[in-house]
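*Asks:* Residues per chain are reported as follows:
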Amino acid sequence: MRLQPKTILTDPLINDNPITYQILGLCSALAVTTSMMPALLMSLAVTAVMSIGGAVISAIRHQIPDNVRIVVQLTIIASLVIVADQILKAYAFETSRQLSVFVALIVTNCIVLGRIETFAMKNGVGASFLDGLGNGLGYSLALMSIAAIRELFGSGTLFGVTALPTIADGGWYYPNGLMILPPGVFFIVGLMIWAIRSWRVEQVEQPEFRIRHVHRTEASS
Amino acid sequence: MSAGEIDDVPEPSGNRRGFGAGLRRLLSAPKNSPAKTLLVPLLVSLVSAVLVAGAAIALRPQYQANLERNRQENVLAAAGLLEAGQSIETLFEQIEPRVVDLATGDYATEMDPSTVLEAQRVGDPLVSVAVPPELDLAVIKKRSRYAVVYLLYERERLKMIILPVYGYGLWSTMYGYVALAGDANTIVGLRFYQHGETPGLGAEIDNPQWQRLWQGKKIYGDAGEPVIEVVKGQAARSGEAATYQVDGISGATLTGRGVTNLLRYWFGEHGFGPYLKKLRERAEVMQ
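Residue numbers (this note's numbering), protein chains in the order written: chain G, 1 to 221; chain C, 1 to 287.
Note that these hints are calculated values from the structure, not bench results.
All of these numbers come straight from a predicted model, not from anything done at the bench.
Take these hints with a grain of salt, some might be off.
Claimed, not checked - Each computed DSBU-like pair below joins lysine-lysine, with the alpha-carbon atoms no more than 35 angstroms apart: (1) G/K89 <-> C/K232; (2) C/K31 <-> G/K6; (3) C/K142 <-> C/K159; (4) G/K6 <-> G/K89; (5) C/K31 <-> G/K122; (6) C/K218 <-> C/K277; (7) C/K232 <-> C/K218; (8) C/K142 <-> C/K217; (9) C/K278 <-> C/K232; (10) C/K141 <-> C/K31; (11) G/K89 <-> C/K142; (12) C/K159 <-> C/K217.
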């Protein structure tokens with residue numbers, strides 16, 4: 001078990017990234033990454049919910065009965081998500097309208113419950129906070145990268161500021177419609193995973209089974 | 001729960017009583033005891049409920065101010081009055097909200113616009129009226145008794161009337177505003193601010209180029225009935241029909257039909273018809 005505070009925080013950024021290594025939370029990564037501003041707010045909300053939720057649940061982990069632990073965990077996560085949603089509606093109204101239901105759906109984001117079940121229920125408050133923060137930042141890093149690619153090539157802008165002038169606005173860039181559509185994310189995430197695993201070879205999983213090549217004479221016996 | 005686990009609950013220690021002692025006893029109980037299985041989720045829910053309710057109450061004024069600013073922005077956008085660099089509040093000051101009693105077409109001076117909007121938002125049955133099915137072109141089933149309209153005057157003369165409209169498209173209820181010129185017949189602008197139509201097809205009702213097609217179109221025909229319509233394909237380019245037909249969006253025939261229906265409803269006898277008729281008569285008297 002890695003318990004160095006620094007590695008708890010930095011491991012989920014690349015080595016153990018929730019999206020590109022743990023392959024969790026893809027649903028929201030599909031939904032909120034057409035442009036960078038909603039992706040940024042979503043990242044902040046998830047990071048806040050994960051770090052605070054992790055710390056709170058870790059603090060009462062010895063009191064949570066095993067049978068009803070998911071109920072207790074979800075009650076805490078859901079409350080934090082509602083509060084986060086209300087803060088966004090109060091202070092980032094326009095973008096929160098774009099995020100629509102996806103902030104509320106953080107409750108069902110596999111990363112949150114995944115980290116709480118596997119980490120916060122077994123480790124101390126400080127470590128759990130850092131784990132939530134690290135995984136939240138890892139999620140944010142992946143989300144912002146996807147959103148940057150999608151917004152740049154799909155709309156020719158970054159954070160709404162024109163980077164590639166599109167033909168519709170009298171420029172030269174013809175936007176790639178695939179980037180705006182949900183399937184585009186599968187290509188981007190697939191290529192990201194490929195790139196990271198070519199660089200960090202240790203992330204490549206062992207195949208679960210291999211097809212054994214048998215010689216013709218063996219097969220007949 | 002097995003009987004063995006029930007025995008895990010420690011006996012009350014001595015004669016200590018009260019909340020503090022009870023809490024301490026609960027905390028020291030094994031975590032899988034039946035008491036804890038019931039009480040821990042209950043306590044967590046209570047604390048969470050207080051947190052959520054507190055946040056909701058604390059942030060409510062800010063949220064409502066946002067909703068209000070959003071509404072003002074939508075009204076201004078339909079009227080084409082939005083200007084970069086000008087705050088929405090300042091621009092909205094030139095606009096006068098009034099409450100109209102839809103049945104009579106008169107201003108309901110006793111009603112405050114904000115009261116009516118709040119009653120509509122919470123769906124207060126006191127202000128709601130069932131729409132007879134044979135008249136319900138917009139498929140809304142019921143509507144408010146009153147409507148808040150927005151007037152823009154220029155040198156004491158009515159220059160623009162901005163009316164809220166809504167109705168069913170292909171998938172969703174589409175909400176918008178229509179801005180009419182002072183003659184209560186010519187469209188100045190139209191904008192939908194909320195809908196769930198298909199992106200790329202029906203959602204093209206948000207396209208500014210399509211919205212521009214509405215400028216100058218007339219709502220009413222010679223007989224005083226609403227004739228405005230979104231046609232399938234291209235609208236007539238000349239003649240009588242060109243004044244009230246708007247090009248359809250390709251691939252969005254049903255959304256276009258929804259737009260036609262909701263306009264025909266809202267500008268018909270059960271909608272703003274009586275009110276606009278009175279405005280037109282008054283305009284003729286003034287000329």
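*Asks:* Under the criterion that the straight-line Cα-Cα distance not exceed 35 angstroms, is the pair C/K31, G/K6 satisfied?
*Replies:* 32 angstroms, holds
*Asks:* Need the status of pair G/K89, C/K232: alpha-carbon distance at most 35 angstroms?
*Replies:* 39 angstroms, violated
*Asks:* Given the hint that G/K89 pairs with C/K142, test it: the Cα-Cα distance must not exceed 35 angstroms.
*Replies:* 29 angstroms, holds
*Asks:* Between G/K6 and G/K89, does the CA-CA distance stay at or below 35 angstroms?
*Replies:* 34 angstroms, holds
*Asks:* Does G/K122 sit within 35 angstroms of C/K31, going by the straight-line distance between their CA atoms?
*Replies:* The given pair, whose Cα atoms are some 14 angstroms apart, holds under the 35 angstroms limit.
*Asks:* Would the pair C/K159 and C/K217 pass a check requiring their Cα atoms to be no farther apart than 35 angstroms?
*Replies:* The given pair, whose Cα atoms are some 16 angstroms apart, holds under the 35 angstroms limit.
*Asks:* Does C/K217 sit within 35 angstroms of C/K142, going by the straight-line distance between their CA atoms?
*Replies:* 28 angstroms, holds
*Asks:* Are the Cα atoms of C/K141 and C/K31 separated by 35 angstroms or less?
*Replies:* 54 angstroms, violated
*Asks:* For the pair supplied as a hint, C/K218 and C/K277, is the alpha-carbon distance within the 35 angstroms limit?
*Replies:* 14 angstroms, holds
*Asks:* Against the 35 angstroms threshold, does the CA-CA distance of C/K142 and C/K159 hold or violate the hint?
*Replies:* Roughly 30 angstroms between the alpha carbons, so the hint for C/K142 and C/K159 holds.
*Asks:* C/K278 and C/K232 were given as a pair; does the straight-line alpha-carbon distance stay at or below 35 angstroms?
*Replies:* 32 angstroms, holds
*Asks:* Is it true that the CA of C/K232 sits at most 35 angstroms from the CA of C/K218?
*Replies:* At roughly 18 angstroms apart (the allowed maximum being 35 angstroms), C/K218 and C/K232 satisfy the hint.
Consistency with the previously given hints fails for numbers 1 and 10, ordered from lowest to highest.
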